[in-house]
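Asker: Those protein sequences? They're chains A and B, same order as listed. Positions in the first sequence are counted from 1; adding 3 to them yields my numbering. Positions in the second sequence are counted from 1; adding 4 to them yields my numbering.
Derived from the structure by calculation, the hints contain no laboratory data. Please note that a few of the clues may not be correct.
So the derived label-pair ranges between C-beta atoms look like this [as the list claims (entries may be wrong)]:
no.: 1; chain 1: A; residue 1: A39; chain 2: B; residue 2: E434; range: 18 to 26 Å
no.: 2; chain 1: B; residue 1: T72; chain 2: A; residue 2: I36; range: 33 to 41 Å
no.: 3; chain 1: B; residue 1: G147; chain 2: A; residue 2: H44; range: 42 to 50 Å
no.: 4; chain 1: A; residue 1: G282; chain 2: B; residue 2: F502; range: 35 to 43 Å
no.: 5; chain 1: B; residue 1: P530; chain 2: A; residue 2: W66; range: 54 to 62 Å
no.: 6; chain 1: A; residue 1: T144; chain 2: B; residue 2: M732; range: 51 to 59 Å
no.: 7; chain 1: A; residue 1: T144; chain 2: B; residue 2: G147; range: 27 to 35 Å
Heads up, the beta-carbon is just placed ideally off N, CA and C, and yes, glycines get one too.
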Amino acid sequence: MIDWSAGAAAEQIGDLFWTMTTLGAVIFVIFCIALAYALLHRRRPQDPATPERDRKGTRLILWLGAVVPALILVPLFIWTVQTLAALDPRSQRPDLVVDLVGKQWWWEIRYRDSVPGNVFVTANELHIPVGQRVELRLTATDVIHSFWVPELHGKTDLIPGRENVTWIQADRPGVYTGRCAEYCGMQHANMGLLVIAQTPEEFRAWTAGQRRTAAEPRDSLTAKGREAFLGSACALCHQVRGTPAGGYLGPDLTHVASRRTLASALLPNTPGHLGGWIGNPQALKPGSRMPRVPMSREEFSLIHRYLQTLE
Amino acid sequence: MATTAERPSVSAEQKEGFERAWSQPTGFLGMLQTIDNIPIAQRYLATSFGFFLLGGLLAALMRIQLGTPDNTFLDAETYNQIFTMHGTTMMFLFVIPFIEALATYLLPLMLGTRDLPFPRLTALSYWTYLFGGLLIYSSFLFGLAPDGGWFAYVPLTNKQWSPGLNLDFWDIALSVAEIAAMGAAAEIIVSVLRTRSPGMSINRIPVFGWAMLVTAFMIIFGFTPLIVGTAMLELDRKGLTSFFVPENGGDPLLWQHLFWVFGHPEVYIMFLPAVGILTHVVQVFARRPVVSYTLVVLAIIATGFLSFGLWAHHMYATGISPMALGYFAAASTVIAIPTGVQVVGWVATLWVGRPLWRTPLLFGISGLVIFVLGGITGVMVASPPFDFQAHDSYFVVAHLHYVLIGGTVFPLFAGLYYWLPKITGRMMDEQIGLWSAVVMFIGFNLAFFPMHISGLLGMPRRVYTYPTEAGFDTYNLLSSIGAFLFAGGVLLSLFNFFRSLRAGRPAGDNPWNADSLEWSNSSPPPNAQYPRIPVVRDRHPLWDEHWRQERMRPEETPARTAEAQEDVEQMAYWPTRWRGALVVSVTEGRPLAVVHMPRRSFAPFIMSVGFLVLFAALIVDQTTFMAVGAGIIAVALIMWFWPQDTETAAMEEMYGPEPKELPLAQAGPAANGFWGTCVFLLIMATALTTIVAGYFYLGGNVALDLVGSPAEPIERPAIAVGLLALGMIPVVAGIRAIGRRRLGLLRLGVTAALLLAALHLWLLIATWLGSGLSPSSDAQHSAFVGVAGFHAVLSVILLVMTAVATIWAWLRPADGRGHAAAWNAALVYGFAIVSGVIVFGVLYLVPRFG
Numbered sequence: 004m005i006d007w008s009a010g011a012a013a014e015q016i017g018d019l020f021w022t023m024t025t026l027g028a029v030i031f032v033i034f035c036i037a038l039a040y041a042l043l044h045r046r047r048p049q050d051p052a053t054p055e056r057d058r059k060g061t062r063l064i065l066w067l068g069a070v071v072p073a074l075i076l077v078p079l080f081i082w083t084v085q086t087l088a089a090l091d092p093r094s095q096r097p098d099l100v101v102d103l104v105g106k107q108w109w110w111e112i113r114y115r116d117s118v119p120g121n122v123f124v125t126a127n128e129l130h131i132p133v134g135q136r137v138e139l140r141l142t143a144t145d146v147i148h149s150f151w152v153p154e155l156h157g158k159t160d161l162i163p164g165r166e167n168v169t170w171i172q173a174d175r176p177g178v179y180t181g182r183c184a185e186y187c188g189m190q191h192a193n194m195g196l197l198v199i200a201q202t203p204e205e206f207r208a209w210t211a212g213q214r215r216t217a218a219e220p221r222d223s224l225t226a227k228g229r230e231a232f233l234g235s236a237c238a239l240c241h242q243v244r245g246t247p248a249g250g251y252l253g254p255d256l257t258h259v260a261s262r263r264t265l266a267s268a269l270l271p272n273t274p275g276h277l278g279g280w281i282g283n284p285q286a287l288k289p290g291s292r293m294p295r296v297p298m299s300r301e302e303f304s305l306i307h308r309y310l311q312t313l314e
Numbered sequence: 005m006a007t008t009a010e011r012p013s014v015s016a017e018q019k020e021g022f023e024r025a026w027s028q029p030t031g032f033l034g035m036l037q038t039i040d041n042i043p044i045a046q047r048y049l050a051t052s053f054g055f056f057l058l059g060g061l062l063a064a065l066m067r068i069q070l071g072t073p074d075n076t077f078l079d080a081e082t083y084n085q086i087f088t089m090h091g092t093t094m095m096f097l098f099v100i101p102f103i104e105a106l107a108t109y110l111l112p113l114m115l116g117t118r119d120l121p122f123p124r125l126t127a128l129s130y131w132t133y134l135f136g137g138l139l140i141y142s143s144f145l146f147g148l149a150p151d152g153g154w155f156a157y158v159p160l161t162n163k164q165w166s167p168g169l170n171l172d173f174w175d176i177a178l179s180v181a182e183i184a185a186m187g188a189a190a191e192i193i194v195s196v197l198r199t200r201s202p203g204m205s206i207n208r209i210p211v212f213g214w215a216m217l218v219t220a221f222m223i224i225f226g227f228t229p230l231i232v233g234t235a236m237l238e239l240d241r242k243g244l245t246s247f248f249v250p251e252n253g254g255d256p257l258l259w260q261h262l263f264w265v266f267g268h269p270e271v272y273i274m275f276l277p278a279v280g281i282l283t284h285v286v287q288v289f290a291r292r293p294v295v296s297y298t299l300v301v302l303a304i305i306a307t308g309f310l311s312f313g314l315w316a317h318h319m320y321a322t323g324i325s326p327m328a329l330g331y332f333a334a335a336s337t338v339i340a341i342p343t344g345v346q347v348v349g350w351v352a353t354l355w356v357g358r359p360l361w362r363t364p365l366l367f368g369i370s371g372l373v374i375f376v377l378g379g380i381t382g383v384m385v386a387s388p389p390f391d392f393q394a395h396d397s398y399f400v401v402a403h404l405h406y407v408l409i410g411g412t413v414f415p416l417f418a419g420l421y422y423w424l425p426k427i428t429g430r431m432m433d434e435q436i437g438l439w440s441a442v443v444m445f446i447g448f449n450l451a452f453f454p455m456h457i458s459g460l461l462g463m464p465r466r467v468y469t470y471p472t473e474a475g476f477d478t479y480n481l482l483s484s485i486g487a488f489l490f491a492g493g494v495l496l497s498l499f500n501f502f503r504s505l506r507a508g509r510p511a512g513d514n515p516w517n518a519d520s521l522e523w524s525n526s527s528p529p530p531n532a533q534y535p536r537i538p539v540v541r542d543r544h545p546l547w548d549e550h551w552r553q554e555r556m557r558p559e560e561t562p563a564r565t566a567e568a569q570e571d572v573e574q575m576a577y578w579p580t581r582w583r584g585a586l587v588v589s590v591t592e593g594r595p596l597a598v599v600h601m602p603r604r605s606f607a608p609f610i611m612s613v614g615f616l617v618l619f620a621a622l623i624v625d626q627t628t629f630m631a632v633g634a635g636i637i638a639v640a641l642i643m644w645f646w647p648q649d650t651e652t653a654a655m656e657e658m659y660g661p662e663p664k665e666l667p668l669a670q671a672g673p674a675a676n677g678f679w680g681t682c683v684f685l686l687i688m689a690t691a692l693t694t695i696v697a698g699y700f701y702l703g704g705n706v707a708l709d710l711v712g713s714p715a716e717p718i719e720r721p722a723i724a725v726g727l728l729a730l731g732m733i734p735v736v737a738g739i740r741a742i743g744r745r746r747l748g749l750l751r752l753g754v755t756a757a758l759l760l761a762a763l764h765l766w767l768l769i770a771t772w773l774g775s776g777l778s779p780s781s782d783a784q785h786s787a788f789v790g791v792a793g794f795h796a797v798l799s800v801i802l803l804v805m806t807a808v809a810t811i812w813a814w815l816r817p818a819d820g821r822g823h824a825a826a827w828n829a830a831l832v833y834g835f836a837i838v839s840g841v842i843v844f845g846v847l848y849l850v851p852r853f854g
């Protein structure tokens with residue numbers, strides 16, 4: 004069932020939600036009982052519609068239709084404003100700032116750092132340290148997308164030409180599924196991302212790994228794979244840090260093998276799926292910006308092998 | 005005014021003449037010429053119900069696709085087209101046209117008049133709507149159905165990200181349908197305000213009339229920003245401007261503001277007519293007047309106003325400031341109160357009444373229960389923190405269908421079961437109706453209740469599939485089953501309708517013993533509707549005091565019949581050589597004058613064909629065909645304004661030797677045309693406001709360096725606006741000359757005004773063309789061109805109208821028809837001056853001194 008307990012933001016929204024739902028359910032039941040009684044109760048034979056009765060009726064309607072709802076709505080509104088203030092991304096200093104760029108149909112993730120050399124870019128997998136407030140700076144380069152990880156927080160849109168800010172905080176380690184919530188074209192349905200909340204130690208280790216340039220090939224076959232990769236169309240759109248491949252249209256592949264999923268959380272990152280994805284992305288995600296690149300069987304298996312070593 | 009006893013008899017000859025005047029043209033060509041509200045409304049109802057079934061079919065396809073995870077029944081491209089067209093169809097091609105069709109049929113009957121004030125506009129609305137609908141659906145034939153969602157957010161819908169013609173179909177074909185909606189709105193406003201029975205003062209207008217009046221104003225204020233927005237989007241797509249292109253300084257959020265300033269009132273545009281219908285159904289079947297007419301009407305008006313202050317609650321997640329979030333949350337919460345008043349009012353009426361279980365009431369109650377649940381979730385999503393979760397998830401899909409199906413579709417069905425006997429003359433079957441209501445109610449809840457949960461579990465809207473790991477399977481399967489059950493219920497009612505045409509019990513005049521005027525007429529009503537124009541003395545003209553006090557079963561005590569009505573003596577089976585109707589004063593309903601109504605015309609049909617050709621050519625960029633379309637429209641306009649024989653007959657009779665108690669209103673504030681022009685100006689004023697707001701939203705005076713800079717002289721535009729303002733002197737002089745019959749002065753006045761207006765436009769255009777604007781690559785310049793372009797278009801309209809008035813003044817200075825043209829031109833002239841001053845201030849003064 005609905006579980007919004009993993010993070011501070013979602014928890015506060017959850018409290019508001021459950022209160023409103025309960026209140027709403029009570030009001031709905033009272034309404035239904037009143038309606039049923041109005042329709043079914045026994046009537047006195049003479050019950051004329053006199054002006055005086057109408058005046059009384061008007062007063063009753065004003066009480067039940069306007070005053071009582073107002074008495075319920077005003078406290079709810081105050082709570083709403085308080086929650087809004089608590090959710091305001093600028094209300095507290097973040098522990099970590101991450102840029103999130105929405106693209107058709109994947110997420111580019113950039114970890115900021117005061118040391119320029121420590122900035123790194125990854126895709127579709129947002130790692131965060133447990134218990135820390137992570138500020139997300141959201142923008143987009145093509146159309147509007149929306150970042151939504153229900154277990155952690157509600158949505159914020161990623162809008163080209165603007166920068167939006169939100170924050171998330173996970174209180175326990177785990178993998179939380181997020182999805183694009185703003186219709187963004189053909190593959191809107193397959194624009195997922197994973198938020199992986201780790202202990203601070205694990206997170207530090209992961210960041211250290213991500214900052215490194217791509218692993219050097221350990222054997223000749225992999226080296227040939229790298230050559231094939233660099234010589235193919237792949238390198239025009241993808242970056243592999245530490246190699247001449249510096250494309251920026253597609254996700255950064257420097258540590259692609261370390262990610263859990265492919266194609267924006269569409270496929271688990273297994274050798275089989277990786278092969279299928281390189282071989283014919285249009286079959287798995289029709290309309291994807293990644294074209295089917297014609298390559299020989301040999302080239303294919305070399306590139307396939309090379310990518311698997313990019314941990 | 006005479007009652008039955010003293011009513012003078014009318015000769016058979018006169019009756020025959022009267023009926024001939026109101027007869028409908030026959031045959032195929034006659035069908036294209038018909039402008040009477042009843043046949044047009046029937047076509048309108050049938051067409052819009054057809055679109056409802058089409059929209060439902062699209063929904064069924066979606067529910068098949070989503071019934072199981074990872075389904076491949078539809079591919080992503082098709083699914084996106086289908087959900088776009090489902091929303092577009094239901095919003096633009098079903099609900100709005102359907103309620104307008106119902107109003108087109110019922111308002112004259114309910115208000116006690118013979119037709120709507122602008123019969124040719126009725127026909128024009130219908131044909132443009134039909135052609136617009138067909139045009140947008142024709143995109144399926146080319147596999148180019150719109151796929152940007154019914155909200156068409158930029159930049160996704162910009163040329164760069166949607167290069168196909170799909171969005172051009174959406175933009176342009178929809179504009180055709182919107183012209184229809186605006187036409188019908190103008191019609192409804194003037195109808196409710198001016199063409200009622202004598203004695204129907206403003207506090208006796210049936211609630212449906214009030215609801216439609218407020219709705220029509222909302223259509224004017226809501227659709228205009230949408231039309232402005234879609235025009236801007238289309239100009240962007242054609243590469244002429246860049247209002248919404250972020251790379252050129254445009255702003256995608258501007259589109260969202262323009263769209264939702266239409267889109268949210270739209271919800272209430274659909275709901276308020278339902279409030280009208282429900283009130284009628286509740287009071288007729290509770291067998292007592294609604295407990296507080298005043299409160300219900302005030303709540304309708306309050307809802308209308310409030311609905312324009314809360315559009316941004318569709319944009320909570322766009323990163324608007326916490327301050328704005330708080331304001332829009334408050335406004336969105338407050339609107340629950342007038343709605344609460346209405347709901348409690350209905351329950352109270354049922355409580356003190358003696359409810360009679362009939363299908364209309366059953367549909368009404370089912371709708372009410374569903375709507376209240378949708379209202380509760382509505383208050384929930386009005387709270388921004390919760391909306392951050394619910395927004396764009398299936399929770400909102402559930403919420404909006406609860407509101408729209410409960411608040412609109414069920415009440416519309418209630419209205420159909422209630423009024424179809426009047427329209428067809430036959431009763432629908434109660435048993436089938438009952439089953440239909442029950443199946444629809446169960447199916448609806450089964451389909452949409454689980455969506456609340458799947459949404460909160462994380463299912464976003466507008467996804468063509470979902471993986472099984474996501475855990476949405478069960479809820480979606482239930483939704484799909486429910487959707488088909490709901491469809492079954494709808495089909496039952498459809499069957500009931502066709503069955504009733506053949507086998508239904510004859511309805512008689514007033515099968516429900518209802519209170520409002522339409523039930524005094526025969527079922528179906530004659531084309532002239534009221535050969536004798538009734539006089540109204542009560543809010544419930546067919547319920548007398550006795551009936552209300554005794555509370556007998558309506559079957560036992562007949563309501564008041566037509567014979568018991570008083571009527572207007574002069575109008576009894578008169579006029580006979582032309583079509584005449586009555587106009588009354590707005591508040592008291594005092595009879596003011598007789599107006600001439602056109603009888604038949606090809607012009608509306610031809611003009612709609614012109615629109616179709618023009619707009620289809622716009623979609624595919626065919627300049628030749630655009631010219632052909634514009635040519636057809638011009639021909640139709642000439643036909644429209646060409647003198648009609650019957651109008652000459654009316655002038656002969658009314659200005660003849662026999663004096664009449666009520667004069668003929670041709671020009672000036674008594675005439676319908678004057679009020680129609682006022683509505684047109686309201687539309688233009690809304691458009692101007694929208695465009696100026698857009699100008700400032702895009703940064704407005706950043707264009708300082710270009711047009712506001714000291715180097716760029718402001719003398720020429722200042723002189724231009726001054727010349728236009730100067731033109732008001734001859735305009736006023738000319739109009740005053742009409743009353744004093746100094747026709748030479750009228751001639752001079754309109755001619756001088758024409759020359760001044762022309763000079764003003766020429767000066768402005770010359771200035772703007774020399775300003776070095778490049779709207780295609782700069783949003784600031786686009787904004788400038790938007791404001792300037794509006795004034796230029798308005799000025800062209802003004803020139804044409806003034807030219808027509810001038811031609812009449814020189815050819816036939818004594819003719820009342822020419823005076824109408826002069827009056828209308830004068831109104832537009834006055835507005836053009838206001839527009840000129842605003843445009844000058846915005847474009848030239850604000851950048852300098854602001």
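Asker: Each hint needs a verdict: does it hold in this structure or not?
Answerer: Hints, one by one, checked against the model:
no., hint, result
1, A:A39 to B:E434: 18 to 26 Å, "holds, 21 Å"
2, B:T72 to A:I36: 33 to 41 Å, "holds, 39 Å"
3, B:G147 to A:H44: 42 to 50 Å, "violated, 59 Å"
4, A:G282 to B:F502: 35 to 43 Å, "violated, 55 Å"
5, B:P530 to A:W66: 54 to 62 Å, "violated, 47 Å"
6, A:T144 to B:M732: 51 to 59 Å, "holds, 52 Å"
7, A:T144 to B:G147: 27 to 35 Å, "holds, 29 Å"
The structure is inconsistent with the numbered hints 3, 4 and 5, although it conforms to all the rest.
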